[in-house]
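S.K.: Dock chain B against chain A, hints included.
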Amino acid sequence: MPPTRGPLGALNAARFQFALGARYLLGRPLRSSLTTLAVIFGVAVFFSLSLLTPAMSEAYRQNLLMSTGQVDLSVSHVSGASFAPSNVDTVRGTPGVAHATGMLRRNALLPSGTGGAPATVNALSIVGVDPATAYAVRSYALTAGRLLADSDADAALLPSRLAEKLGLSVGDTLILPSAAGTARLRVVGLLNAPPTVGAEDVYLPLGAAQRIFDAPGQINAVEAVFATSTDRSTVAAAVQNRLGSAYRLGELESGGEMQTAIQAGQAIYGVFGFMALLMGSFIIHNTFRTVVAERRHDFGMLRAVGASRRTILGMTLAESVTQGLVGTAIGLVLGYLMAAGMIAGLGAITEQFMRAHAVLPSPTVGSLASALLLGVGITVAGALLPAFAATRVTPMEALRPTPESTAARAARWSAIAGAALLAFAALGLVSRQAGLASLGAVFVLVGLVLVAPAVVRPVATLFGRLLELAFAREGQIAQGNLARQPDRAAITASTMMVGLAIGVALLSTITSLVAGFSGYLDRSFGARYLLMPASILLGGGNVGAGPELARRLRETPGVGTVTSLRHALADAVAPGGAAAGASAAQFQLIGIDPQTFPLLSGLIFSQGDPGQAYAAVGRERALIMNSVLALQLRARPGDTVTLRSAEGERSYRVVGVGLDYLNAKLATGYVSHANLAADFHATTDLLLMADPAPGADPSAVRRAIERVAADYPAFSLVDSSTFKDSQIALFRTIQYAMYALLVAVTLPGLIGMINTLAINVIERTREIGTLRAVGMTRTQVRRMILGESLLLAALGTALGILAGIWLGYVLVLGVSAIGYGGGGMLSYELPWAGALVAIAIGLLVGVVAALIPARQAARLPIVAALRYE
Amino acid sequence: MTPLASSPSVPLVQTVGLTKTYGHGEAAVTALDHVAVSIAHGEFVAVMGPSGCGKSTLLHLIGGLDRPTSGSVMLDGTDTSTLDDTRLTELRRRKLGFVFQFFNLLPVLSAVDNAALPLILDGHPPDRARAAAGDWLRRLGMGERLTHRPSQLSGGQQQRVALARALCAEPRLILADEPTGNLDTRAADEIAGLLRDVAGPSGRAVLMVTHDPRLAAYADRIVFLKDGKVVDETRLGGDHETQIRETREKVAAL
Chain A
140 MPPTRGPLGA LNAARFQFAL GARYLLGRPL RSSLTTLAVI FGVAVFFSLS
190 LLTPAMSEAY RQNLLMSTGQ VDLSVSHVSG ASFAPSNVDT VRGTPGVAHA
240 TGMLRRNALL PSGTGGAPAT VNALSIVGVD PATAYAVRSY ALTAGRLLAD
290 SDADAALLPS RLAEKLGLSV GDTLILPSAA GTARLRVVGL LNAPPTVGAE
340 DVYLPLGAAQ RIFDAPGQIN AVEAVFATST DRSTVAAAVQ NRLGSAYRLG
390 ELESGGEMQT AIQAGQAIYG VFGFMALLMG SFIIHNTFRT VVAERRHDFG
440 MLRAVGASRR TILGMTLAES VTQGLVGTAI GLVLGYLMAA GMIAGLGAIT
490 EQFMRAHAVL PSPTVGSLAS ALLLGVGITV AGALLPAFAA TRVTPMEALR
540 PTPESTAARA ARWSAIAGAA LLAFAALGLV SRQAGLASLG AVFVLVGLVL
590 VAPAVVRPVA TLFGRLLELA FAREGQIAQG NLARQPDRAA ITASTMMVGL
640 AIGVALLSTI TSLVAGFSGY LDRSFGARYL LMPASILLGG GNVGAGPELA
690 RRLRETPGVG TVTSLRHALA DAVAPGGAAA GASAAQFQLI GIDPQTFPLL
740 SGLIFSQGDP GQAYAAVGRE RALIMNSVLA LQLRARPGDT VTLRSAEGER
790 SYRVVGVGLD YLNAKLATGY VSHANLAADF HATTDLLLMA DPAPGADPSA
840 VRRAIERVAA DYPAFSLVDS STFKDSQIAL FRTIQYAMYA LLVAVTLPGL
890 IGMINTLAIN VIERTREIGT LRAVGMTRTQ VRRMILGESL LLAALGTALG
940 ILAGIWLGYV LVLGVSAIGY GGGGMLSYEL PWAGALVAIA IGLLVGVVAA
990 LIPARQAARL PIVAALRYE
Chain B
953 MTPLASSPSV PLVQTVGLTK TYGHGEAAVT ALDHVAVSIA HGEFVAVMGP
1003 SGCGKSTLLH LIGGLDRPTS GSVMLDGTDT STLDDTRLTE LRRRKLGFVF
1053 QFFNLLPVLS AVDNAALPLI LDGHPPDRAR AAAGDWLRRL GMGERLTHRP
1103 SQLSGGQQQR VALARALCAE PRLILADEPT GNLDTRAADE IAGLLRDVAG
1153 PSGRAVLMVT HDPRLAAYAD RIVFLKDGKV VDETRLGGDH ETQIRETREK
1203 VAAL
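Those sequence lines, one after another, are chains A and B. For the first sequence, our numbering gives the first residue as 140, with consecutive numbering after it. For the second sequence, our numbering gives the first residue as 953, with consecutive numbering after it.
The following block holds chain A by itself, in its conformation from the complex:
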């Protein structure tokens, strides 16, 4: 029969290659499934991420969209601050605008128990509307009662779904927290569907909302609909032109903190996914190197009977593609389930904080394709070098016995390169430059991977001594076995190292941060009593109290000093004014009383003199920045920054850099209450702190404050020591979560170890047969494999802890550099507990990884094993 050429021939060749690949894979079910597991893991993490990202972003977008809905135009101030209603007229007067209305919309947290509110509703939007103009802009469909009227003072309109949850109907009284304590509103009507999607909105007359937020005569949004048959973009441009660059068309900025959290979560998840894939490719590489070594005879024979190098390459790659496809397919299913599980778990949180519903999107073609590309891609990439090695097998090799690996020279070069990288990394660390040090951190990981083959033997000898104490008879053989394939052992150990290193690094960073933050905690909450809002994030939807509360507190017998914090959003104009009106940064402004604040709380200064800074804040338009803001604005004490408020642009002199505990993570500036009220219209207290007067009976003072606070359900009285304890407990929880993460990141390492041990067993089948023949019992075989596994784990753990401590130190250095160190370096805390946990995990992984291969080795039938080639 003549040979088939052309496309049909190629197809036949491919079919042969894939069929052979499948046979080989099925011939080693354990190894195939373990290697595939590595692909599955990586793909699952990545795919679930690609599903979660749009789901969370969509939920966030919904949250933003709520405030726009079906209107044509929505206007807010760039800083998010409130402004005068005159802007409504400006918008209404623009040609093409049919109707415009002003509103005051803010998020509010319901203290539990307010107005009989069950715990299911704790966040909603309070929207103050002008009944005279609002109905022309949005349609409100009533199911009961009536709409708000001009004459209404304290009335409310709620979506019937919300009313049901709150157990309210028309004629009932809704109690909301307010600057004056509480506001009692009569429910006059229920709305069918809420006018905006997904929102738990409560509509009040504008005046009532202004009283609740203590913002008399202020609005923070203008909504408009255009006349039909107008060009929307022209009208929008005209509105923008009239209002100036301090106003933004579009949605109100809200949920910014949530978005930051989502982004941080995605970044961590992304790092985790990348790591999983990196480890996966290590594992695949190991497997295929063995596969090729094992089949030298086959390849030689095939070459002898006329297979070309390309056929050999194709065979190996076809096998990897098959494995990649199977792994990806299972990984996709698993990833989908993971994403669904996470959405279910996070659903409650998004509902509560963003009042948006996160829905798992159906996978797009793009996300499926990229997962496929990635899954098959890393498999083929891992197999590529071994596949090329396979093509270099000569026909003669079919006749020769398998040569002992001679990788010594390559190992020496990689050790030298690795040592050089480590040396560079060490220099970076010594320099204490965050940039150099973080570059060094990458070098550490790569360097250790390169050095690993060279240290396999010494480490095996070192730990082998320990091992021989436990299993004197089998320990020595195990030790020799490991040192025999230093490359394979090194790659396996590296897989484990990467996981443990990341875990230990994160743990040590958290430990150091906790230690540093507990210091800030003591400084920031020096006062004895705290009147805390519902959310610890001051800008997180808390309804503040008017000055009345602070005054009553001061007049309470037995109360000494009282101080309070206020909150507003600000926007800095880019210095130089080059891009006129360009916004350099948005951040939060915290209002302080410069006289009392340092007595009860105070900032930890890294630049500037505290006494002078507080004096300046009280005297002039002066600003203390926290280090996050200083970094964002690239400003130093002595500089002047221009902040944009509804009153126009205001210049503030920077007088110091310091941070407090609550706002350490957010870009924050500190100004006086007076300036915050004058320029940013923020007059309500969000956090009050008080000390008892000297000699006062603490419990009596506490009871007196409790009586005052009872009128302000948005606040709860907390002893600062209790609060500090709860914060420390929170840190502990985060630390425990890190331990859990540490376990999770060792998973690919475990797969890699099982894989390598299984490969070792297969490769040494005949040796195991011989050992059994000359009198090794099954128990002894198991112990030998366990010994190898423990040595491998010891190597990975030792490298992992070393790299983890190094990376952790670099991370702490970096965290200090962006200002968490309060100017200096956070003291680095050696993660003793983390190292112990890592060792425990390493031991556990060593034992668990050995289970299957040891069983496999012990069960080998002796005669068949002896014949095995």
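For the record, the hints were derived by calculation from the structure and aren't laboratory data. Possibly wrong hints are sitting among the right ones.
A few chain B residues that don't get close to chain A, going by computed Cβ distances all over 12 Å [claimed, not checked]:
#1 968
#2 973
#3 985
#4 1037
#5 1058
#6 1059
#7 1086
#8 1136
#9 1155
#10 1156
#11 1173
#12 1187
#13 1191
Only some residues are given here: those of chain B computed to face chain A with a beta carbon under 10 Å [stated by the list, open to error]:
#14 1017
#15 1038
#16 1045
#17 1181
Note that CB positions come from ideal geometry on N, CA and C, so glycine has one too.
M.R.: Below, chain B without anything else, positioned relative to chain A:
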């Protein structure tokens, strides 16, 4: 050293109706069919026969590496079919020594460590085990190469290490499966000669499977197998060359 456990009149090995079948039903292949063989204390027995006659299977069954389908093996007074895997392994370790065609040394261990394996696995102190293994290696002419790795040794030398490994636990019986199959003629003669020498003194017996009449002629007795059955048996005597010729004729007759 263990004194002889039983009287020389009782054979060291006695197989009764030894049968081994591989596969089931139509595909079943009978490798051994009711074989009765006995080996006396101190005897050197060679097993010959064409490929697939069941030589190796017989050796594996006597050595406790595999279990018979039916029949039994009495080894030094013990019915090996009654032993569990651990007991059987211990029996191998203490009473049997194996020599394989492909030497099967552990590449990670030195010559003396390889030879000492059965003693080390049996829990003997490593120093004493190595000393005993070293003694045997010296007696087999390997005194100069105690610390060499297998990869640094020739085939004949590797087989001597394997022989030392088989001998160091002072077993009652050495089982050799084509021990010279991978060696040149000179090395093969040396190994066969060594096997001849270790049989006899203190009652140690040797069972060697081979297809080479020249090597079989070193034995006291040759058992001929064909299609899983013992077809002939011959006790050798006289000079070596005559024995070789006679054996060749018998093999040719098969």
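S.K.: All hints, please: hold or fail.
M.R.: Against the structure, the hints:
1. 968: holds, 21 Å
2. 973: holds, 14 Å
3. 985: holds, 18 Å
4. 1037: Violated, since 6 Å does not exceed 12 Å.
5. 1058: Since the minimum Cβ distance to chain A is about 6 Å, residue 1058 of chain B lies within 12 Å and the statement is violated.
6. 1059: Violated, since 7 Å does not exceed 12 Å.
7. 1086: holds, 17 Å
8. 1136: holds, 16 Å
9. 1155: Consistent with the label, residue 1155 of chain B stays out of reach of chain A, its closest Cβ about 20 Å off (over 12 Å).
10. 1156: holds, 16 Å
11. 1173: holds, 24 Å
12. 1187: holds, 29 Å
13. 1191: holds, 36 Å
14. 1017: holds, 4 Å
15. 1038: Because about 5 Å separates residue 1038 of chain B from the closest Cβ in chain A, which is inside the 10 Å limit, the hint holds.
16. 1045: holds, 3 Å
17. 1181: Given a least distance of 20 Å, the restraint on residue 1181 of chain B is violated.
Consistency note: the structure conflicts with the earlier hints numbered 4, 5, 6 and 17.
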